[in-house]
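Take the given structure of chain A and dock chain B to it, following the hints.
Which chain is which? The protein sequence lines are A and B, in order. When we follow the working numbering, the leftmost residue of the first sequence carries the number 1, and every step to the right adds one. When we follow the working numbering, the leftmost residue of the second sequence carries the number 1, and every step to the right adds one.
These are computed hints drawn from the structure, not numbers from a lab. Don't take each hint at face value.
Said to hold, decoys possible - Computed, partial: chain B to chain A, Cβ under 8 Å: (1) 3; (2) 26; (3) 33; (4) 59; (5) 61; (6) 229; (7) 234; (8) 240; (9) 262; (10) 294.
Note that CB positions come from ideal geometry on N, CA and C, so glycine has one too.
2 protein chains.
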Amino acid sequence: MATATLTIDLNALTSNWRALDAMTACETAAVVKADGYGLGADRVARALANAGARKFFVAATEEGAALRQALGPGPEICVFSGHMAGDTDMISDLQLTPMLNSLDQMLRHFEALPGAPFGIQLDTGMNRLGMEPHEWAAVRDIAIEQGPTLIMSHLACADDPEHPMNPHQLAVFREMTDGLDVPRSLAATGGILLGPDYHFDLTRPGVGLYGGMPYVEATPVVTLDIPVIQVREVAPGETVGYSNTWTAERPSRVATIAAGYADGLIRGMGGEAWVHAGETRCKIIGRISMDMIGVDITDATSDPASVELIGQHQSVDTLADWAGTIGYEILTSMGARYYRRYKS
Amino acid sequence: MATATLTIDLNALTSNWRALDAMTACETAAVVKADGYGLGADRVARALANAGARKFFVAATEEGAALRQALGPGPEICVFSGHMAGDTDMISDLQLTPMLNSLDQMLRHFEALPGAPFGIQLDTGMNRLGMEPHEWAAVRDIAIEQGPTLIMSHLACADDPEHPMNPHQLAVFREMTDGLDVPRSLAATGGILLGPDYHFDLTRPGVGLYGGMPYVEATPVVTLDIPVIQVREVAPGETVGYSNTWTAERPSRVATIAAGYADGLIRGMGGEAWVHAGETRCKIIGRISMDMIGVDITDATSDPASVELIGQHQSVDTLADWAGTIGYEILTSMGARYYRRYKS
Numbered sequence: 001m002a003t004a005t006l007t008i009d010l011n012a013l014t015s016n017w018r019a020l021d022a023m024t025a026c027e028t029a030a031v032v033k034a035d036g037y038g039l040g041a042d043r044v045a046r047a048l049a050n051a052g053a054r055k056f057f058v059a060a061t062e063e064g065a066a067l068r069q070a071l072g073p074g075p076e077i078c079v080f081s082g083h084m085a086g087d088t089d090m091i092s093d094l095q096l097t098p099m100l101n102s103l104d105q106m107l108r109h110f111e112a113l114p115g116a117p118f119g120i121q122l123d124t125g126m127n128r129l130g131m132e133p134h135e136w137a138a139v140r141d142i143a144i145e146q147g148p149t150l151i152m153s154h155l156a157c158a159d160d161p162e163h164p165m166n167p168h169q170l171a172v173f174r175e176m177t178d179g180l181d182v183p184r185s186l187a188a189t190g191g192i193l194l195g196p197d198y199h200f201d202l203t204r205p206g207v208g209l210y211g212g213m214p215y216v217e218a219t220p221v222v223t224l225d226i227p228v229i230q231v232r233e234v235a236p237g238e239t240v241g242y243s244n245t246w247t248a249e250r251p252s253r254v255a256t257i258a259a260g261y262a263d264g265l266i267r268g269m270g271g272e273a274w275v276h277a278g279e280t281r282c283k284i285i286g287r288i289s290m291d292m293i294g295v296d297i298t299d300a301t302s303d304p305a306s307v308e309l310i311g312q313h314q315s316v317d318t319l320a321d322w323a324g325t326i327g328y329e330i331l332t333s334m335g336a337r338y339y340r341r342y343k344s
Numbered sequence: 001m002a003t004a005t006l007t008i009d010l011n012a013l014t015s016n017w018r019a020l021d022a023m024t025a026c027e028t029a030a031v032v033k034a035d036g037y038g039l040g041a042d043r044v045a046r047a048l049a050n051a052g053a054r055k056f057f058v059a060a061t062e063e064g065a066a067l068r069q070a071l072g073p074g075p076e077i078c079v080f081s082g083h084m085a086g087d088t089d090m091i092s093d094l095q096l097t098p099m100l101n102s103l104d105q106m107l108r109h110f111e112a113l114p115g116a117p118f119g120i121q122l123d124t125g126m127n128r129l130g131m132e133p134h135e136w137a138a139v140r141d142i143a144i145e146q147g148p149t150l151i152m153s154h155l156a157c158a159d160d161p162e163h164p165m166n167p168h169q170l171a172v173f174r175e176m177t178d179g180l181d182v183p184r185s186l187a188a189t190g191g192i193l194l195g196p197d198y199h200f201d202l203t204r205p206g207v208g209l210y211g212g213m214p215y216v217e218a219t220p221v222v223t224l225d226i227p228v229i230q231v232r233e234v235a236p237g238e239t240v241g242y243s244n245t246w247t248a249e250r251p252s253r254v255a256t257i258a259a260g261y262a263d264g265l266i267r268g269m270g271g272e273a274w275v276h277a278g279e280t281r282c283k284i285i286g287r288i289s290m291d292m293i294g295v296d297i298t299d300a301t302s303d304p305a306s307v308e309l310i311g312q313h314q315s316v317d318t319l320a321d322w323a324g325t326i327g328y329e330i331l332t333s334m335g336a337r338y339y340r341r342y343k344s
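So here's chain A without its partners, still in its complex pose (with noise of 0.2 Å):
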């Protein structure tokens, strides 16, 4: 087998889930929008709504199609980007949720499925997804009078919990919404631990749930194996991989493992990435290619069968600082062919 094992340990997602359930007052749904974060959607909202989410948010109706096939009728399924156009007999069909954005989508909904139900999305200083605070003024009566099922906000920097955009948005969000007898979210992860003022009725972590920040304590629910293809020497002064970037400085032990930017490890990452041959970490070297990745295995005792890039010594965000970016796209990078392994 030439491919690596993406393992998924879904108590640790579920254990995710309650932790940040136990830090509110209120219900908590789950976001596993763009595949359930690169891990499978299908079996991650499965076992979430064993552990007892009944609300999912996607970012897509066809997202929202797929999970309805893997949940069966129940749970709720709301639609980030609202209702788009050519998305009307899904939207029935399937009993999905979308959280409307703009005038447009209200008319398009009232006209096309009168009595379906429906959120609404705000915009509280994003500028991204929403109604702003004059257009909601306008249509709100309209909207409350077709009894949303909910009324929601994102935050755009509630990563950083010091930042003068939170108190903003929620003070937006608060004079748009105060009074209105709805129910009102406007936490994802970051919002959850924010405190109390942020939680509102329902909050909607994604990214804590899969291990990632700003989480901290959140329990590691991925696991990346890569099988070693071939284990060679080389010399001092010899080079490795494509345009000559690595050449050894000692007699090396090198090992090329099967994955590479095909496989979603961001190619960028080649000069700072290491990985784990049992318990001793080894550098990656040369440049990271499609398909392979060369490894400097000559501190390893043995020469290993396959080598660790993600589990107990490194992280998803680990890997996200050596790639310059966040941890959400290392995991909604998760290659097509790992093989997925579901440890419940």
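Just chain B now, kept in the frame of chain A:
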């Protein structure tokens, strides 16, 4: 619909294959690893088989197995990672041809599947896959006696025609293989462009088929159109996206489009990238999020229903430049959520 459309022009693909084939006097295979460089190995390989390709290369046995289902019996399917432990049944049942990289793999193959087809991969200086000169000298007679279908190696610096590594690897390859009565292959896309000395009996183009550098004359294969979810007015001083990284300097119109780094749009290119709304070039603003990107459409003549990220105005390699990477990574990162439309 809130998912982007990736249009794959199979005529452009096959015309690239024919053009690369016409540059040599030898046979031309096709590399379709990493799911056909992200474009769908099944459709890509079937189109190339119809155009005349009889040999295909993949990275791993699992990819070869899937490709055999798509192609049916007949075309040869070669596996770069060779005969790995656990792969014997797949190799045998699906008639795959492993490129044996080491003595270990050779013993495994000859013992488990005597008489079954195989190739040999030699290392000529990249130190990634294949047998070293001294190993090869030791086993060469035994290997040749078993009748390999191909002897191959891979160039480390072929994208740079002036690199001294190219003639060095060529000389090593000749030294290791001259006088043997076995078909030989050294060149991928870059190697084809280096000229006839590098062509031998078979070339193995990959990225050039898919419209990427270093084959500058390639016909573009890929178009990526991303739908607009919502358009809003943003006043001077207002910020857009996560961490408030973009601030409007003029009264602006901002579109939120439905793709993000979970679709393989590398987060790091956020600060550099553009899209086209019709003929108007529009800047991507703020951070690329998981499922959404903000675009300044102030200069567009009207609000677009979708924008073009890859197409006639900007290529896979344009995006690669913005992201500080190579077109190969842009291609193989193409997201699973895209609706893939094949033109033929």
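Hints, verified against the model:
Residue-level restraint check for residue 3 of chain B holds (minimum Cβ-Cβ distance to chain A is 5 Å; threshold 8 Å). Nearest Cβ of chain A to the Cβ of residue 26 of chain B: about 24 Å, over the 8 Å cut. The hint is violated. Nearest Cβ of chain A to the Cβ of residue 33 of chain B: about 6 Å, under the 8 Å cut. The hint holds. A distance limit of 8 Å between C-beta atoms decides the matter here; for residue 59 of chain B the minimum to chain A is near 4 Å, and the interface restraint holds.
Hint status for residue 61 of chain B relative to chain A: holds, with the closest Cβ pair at about 6 Å, below 8 Å. Interface restraint check: residue 229 of chain B against chain A, minimum CB-CB distance 5 Å, threshold 8 Å, status holds. The interface hint given for residue 234 of chain B is met, as the beta carbon of that residue sits about 5 Å from the closest beta carbon of chain A, less than 8 Å. The interface hint given for residue 240 of chain B is met, as the beta carbon of that residue sits about 4 Å from the closest beta carbon of chain A, less than 8 Å.
Annotation: interface hint on residue 262 of chain B holds; nearest CB of chain A at approximately 4 Å, less than 8 Å. For residue 294 of chain B, the interface hint holds, since its Cβ comes within 8 Å of a Cβ in chain A; the closest pair sits about 6 Å apart.
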